[in-house]
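Go ahead and model the full structure; you've got the sequences and the hints to work with.
Chains as they are written, first to last, in the numbering used here: chain A, 1 to 273; chain E, 1 to 302.
Taking CB as the label site, the calculated pair distances span:
(1) E/L64 <-> A/A54: 53 to 63 Å
(2) E/Q50 <-> A/S233: 23 to 33 Å
(3) E/A210 <-> A/P35: 44 to 54 Å
(4) E/A20 <-> A/S138: 22 to 32 Å
(5) A/S233 <-> E/P216: 46 to 56 Å
(6) A/F250 <-> E/W111: 21 to 31 Å
(7) A/P164 <-> E/A200: 11 to 21 Å
(8) E/G63 <-> A/R184: 55 to 65 Å
(9) E/P216 <-> A/L126: 41 to 51 Å
Calculated Cβ distances over 10 Å to all of chain E for the following chain A residues:
(10) E34
(11) I48
(12) V218
Covered by chain E, according to a simulated footprint, are these stretches of chain A (three or more residues, beta-carbon under 8 Å):
(13) 83-89
(14) 137-147
(15) 201-212
(16) 253-259
Hint data in this document are derived by calculation from the structure and do not stem from the laboratory.
Just so it is clear, the structure is predicted and the values come from calculations on it, not from any experiment.
We put the CB at the ideal spot given by N, CA and C, even for glycine.
Below are the chains, spelled out letter by letter.
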Amino acid sequence: MKRAWKPWGAIAWIAAVVFFAPVAWMLLTSLHSEPDAATNPPSLLAPITLDGYAEFFGGTGGISPWPPLINSFSASIGSTLIVLLLAIPAAYALSIKPVEKWTDVLFFFLSTKMLPVVAGILPIYLVAQYAGMLDNISFLTLLYTSMNLPIAVWLMRSFLAEVPKEILEAAAIDGAGLITILRRVVAPVAMPGIAATALICFIFSWNELLFARVLTGVVAGTAPVFLTGFVTSQGLFLAKVCAAATIVSFPVLVAGFAAQDKLVQGLSLGAVK
Amino acid sequence: MSQQVVRTRFRRGDGRVAYAYLAPALLVLAGLLGYPIYQLVLISLFDYGQEQVSGGAALEFLGLGNYRALLSDSQFWTVLAQTVGFAAVCVLGTLLVGTALAVLSTRVRTWARTLLFLAALGAWATPAVAGSTIWLFLFDANFGFVNEVLGTTGFSWTYDRWIAFGLVAAQVIWCSFPFVMVTLYAGIKAIPVEVVEAAALDGASTWRTARSVILPLLRPLLLIVTIQSIIWDFKVFTQIYVMTNGGGIAGRNLVLNVYAYQQAFAASQYGMGAAIGVVMTALLLLITFGYLRALRRTGEEL
Numbered sequence: 001m002k003r004a005w006k007p008w009g010a011i012a013w014i015a016a017v018v019f020f021a022p023v024a025w026m027l028l029t030s031l032h033s034e035p036d037a038a039t040n041p042p043s044l045l046a047p048i049t050l051d052g053y054a055e056f057f058g059g060t061g062g063i064s065p066w067p068p069l070i071n072s073f074s075a076s077i078g079s080t081l082i083v084l085l086l087a088i089p090a091a092y093a094l095s096i097k098p099v100e101k102w103t104d105v106l107f108f109f110l111s112t113k114m115l116p117v118v119a120g121i122l123p124i125y126l127v128a129q130y131a132g133m134l135d136n137i138s139f140l141t142l143l144y145t146s147m148n149l150p151i152a153v154w155l156m157r158s159f160l161a162e163v164p165k166e167i168l169e170a171a172a173i174d175g176a177g178l179i180t181i182l183r184r185v186v187a188p189v190a191m192p193g194i195a196a197t198a199l200i201c202f203i204f205s206w207n208e209l210l211f212a213r214v215l216t217g218v219v220a221g222t223a224p225v226f227l228t229g230f231v232t233s234q235g236l237f238l239a240k241v242c243a244a245a246t247i248v249s250f251p252v253l254v255a256g257f258a259a260q261d262k263l264v265q266g267l268s269l270g271a272v273k
Numbered sequence: 001m002s003q004q005v006v007r008t009r010f011r012r013g014d015g016r017v018a019y020a021y022l023a024p025a026l027l028v029l030a031g032l033l034g035y036p037i038y039q040l041v042l043i044s045l046f047d048y049g050q051e052q053v054s055g056g057a058a059l060e061f062l063g064l065g066n067y068r069a070l071l072s073d074s075q076f077w078t079v080l081a082q083t084v085g086f087a088a089v090c091v092l093g094t095l096l097v098g099t100a101l102a103v104l105s106t107r108v109r110t111w112a113r114t115l116l117f118l119a120a121l122g123a124w125a126t127p128a129v130a131g132s133t134i135w136l137f138l139f140d141a142n143f144g145f146v147n148e149v150l151g152t153t154g155f156s157w158t159y160d161r162w163i164a165f166g167l168v169a170a171q172v173i174w175c176s177f178p179f180v181m182v183t184l185y186a187g188i189k190a191i192p193v194e195v196v197e198a199a200a201l202d203g204a205s206t207w208r209t210a211r212s213v214i215l216p217l218l219r220p221l222l223l224i225v226t227i228q229s230i231i232w233d234f235k236v237f238t239q240i241y242v243m244t245n246g247g248g249i250a251g252r253n254l255v256l257n258v259y260a261y262q263q264a265f266a267a268s269q270y271g272m273g274a275a276i277g278v279v280m281t282a283l284l285l286l287i288t289f290g291y292l293r294a295l296r297r298t299g300e301e302l
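The structure is reproduced here in structure tokens:
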């Protein structure tokens with residue numbers, strides 16, 4: 001038992017290296033000068049430079065990447081918070097209070113995910129136009145909320161389903177209200193689940209491209225929209241493009257590590273008994 | 001038994017409260033997604049092009065005309081078959097890799113686990129456009145790193161129809177396995193330690209514990225990641241669009257979502273694009289519903 005980690009550890013290292021290779025390539029290229037970046041595969045020994053990043057932020061006559069980054073932050077964080085606020089009570093209702101035919105309710109949540117974005121975009125564009133919400137980050141936030149809500153409800157319900165019912169029922173029978181139950185009983189037990197759900201919602205919103213591309217313009221454009229434009233206009237400058245892609249990926253990595261802490265938190269019933 | 005009693009007692013009078021908890025989420029969804037779906041179906045019944053959007057021409061009601069044209073188009077059927085096959089490979093691959101790495105992460109030391117998470121997060125964090133572009137560089141025929149390593153310089157990974165599909169599928173798996181991995185990892189971690197310890201104390205082997213204790217607890221999560229993967233991989237867009245240059249030579253690497261995009265935006269036939277969207281949604285509903293039914297028939301509680 002104690003020694004069992006050895007082969008697994010080696011496999012884990014190999015898997016990590018293989019799966020990380022494309023990202024490593026991106027990082028390395030972003031740190032090279034343009035002529036060095038143009039040699040493919042990248043030479044490991046080429047001198048390191050931050051020119052790509054400087055170009056991306058300073059922009060020789062380019063547009064500042066800050067407004068899109070800030071837009072992405074507000075849309076992603078805003079929609080994630082709203083999603084959690086809506087999804088946790090809904091999931092609680094579905095997993096603990098037995099709502100009649102809850103599988104049907106879940107299926108309703110699910111089916112809204114099936115609309116292909118490409119096909120759904122015209123009607124949503126028309127709605128936004130009608131409501132005067134084109135190029136508006138609040139509308140995008142709302143849209144991301146509805147986009148992530150179904151998966152969040154499903155995930156939260158499943159995580160809550162792992163929480164022993166007896167604990168929750170005991171709390172409810174003792175007369176605890178929803179907020180108290182969620183805060184004192186559910187939250188500690190379901191923390192890995194909440195962290196995973198929040199991370200997933202954040203990443204989906206952060207990386208969303210199609211809606212953002214069609215519904216926003218100069219004011220509310222998000223980071224992926226900016227990146228796509230950057231790839232189109234600067235595509236030949238590999239180092240610069242890789243620097244841009246790295247910057248856009250960075251917040252997700254940070255969010256991931258923040259969430260990993262909570263994910264890894266092993267959980268013991270001793271804490272809630 | 002006793003749990004059954006408690007649950008029955010619960011149900012009475014609590015239904016309304018439960019619906020109250022559900023209502024906000026349901027309302028937001030109905031408002032934000034219900035109306036567009038209604039609009040989509042409506043548009044699919046019209047000859048709706050650029051002129052109609054700008055108000056330059058009157059709307060012409062076609063009834064099921066768009067659908068009839070679509071279903072009698074042989075390219076649609078080819079694309080449909082390709083989409084189903086492609087999605088199936090992606091779903092299986094994503095689930096296999098994601099599950100394997102989730103289990104692996106629970107069994108290795110902190111260092112190896114952190115590294116695995118870093119790799120997963122890196123893959124996940126890379127925006128689809130950038131990820132696809134990077135993969136194209138890595139697999140470039142003449143200068144690609146992969147060809148260099150394999151000693152196959154000059155070999156094109158995007159020319160042959162099936163090899164191109166395989167490469168795109170690998171990219172899709174690469175950027176979607178982290179979702180499965182993180183979800184299942186959190187699911188395994190959320191299982192109370194006592195449950196697993198009790199099984200071990202009872203003398204159950206690791207394999208036995210995994211099968212009879214952990215797997216049943218993870219079933220709802222497995223169901224979600226499977227259905228979510230089906231939905232995504234059926235709707236792959238960016239990777240095909242970027243890596244096969246908009247659907248490959250003569251459109252032979254097309255999948256439905258890219259096909260819908262071409263019909264709707266490139267050809268400005270929004271009515272036709274909407275019809276494809278409706279057909280896709282209906283297909284996905286059928287597939288997932290069939291999957292749910294099949295699961296329920298095996299007597300598994302969802």
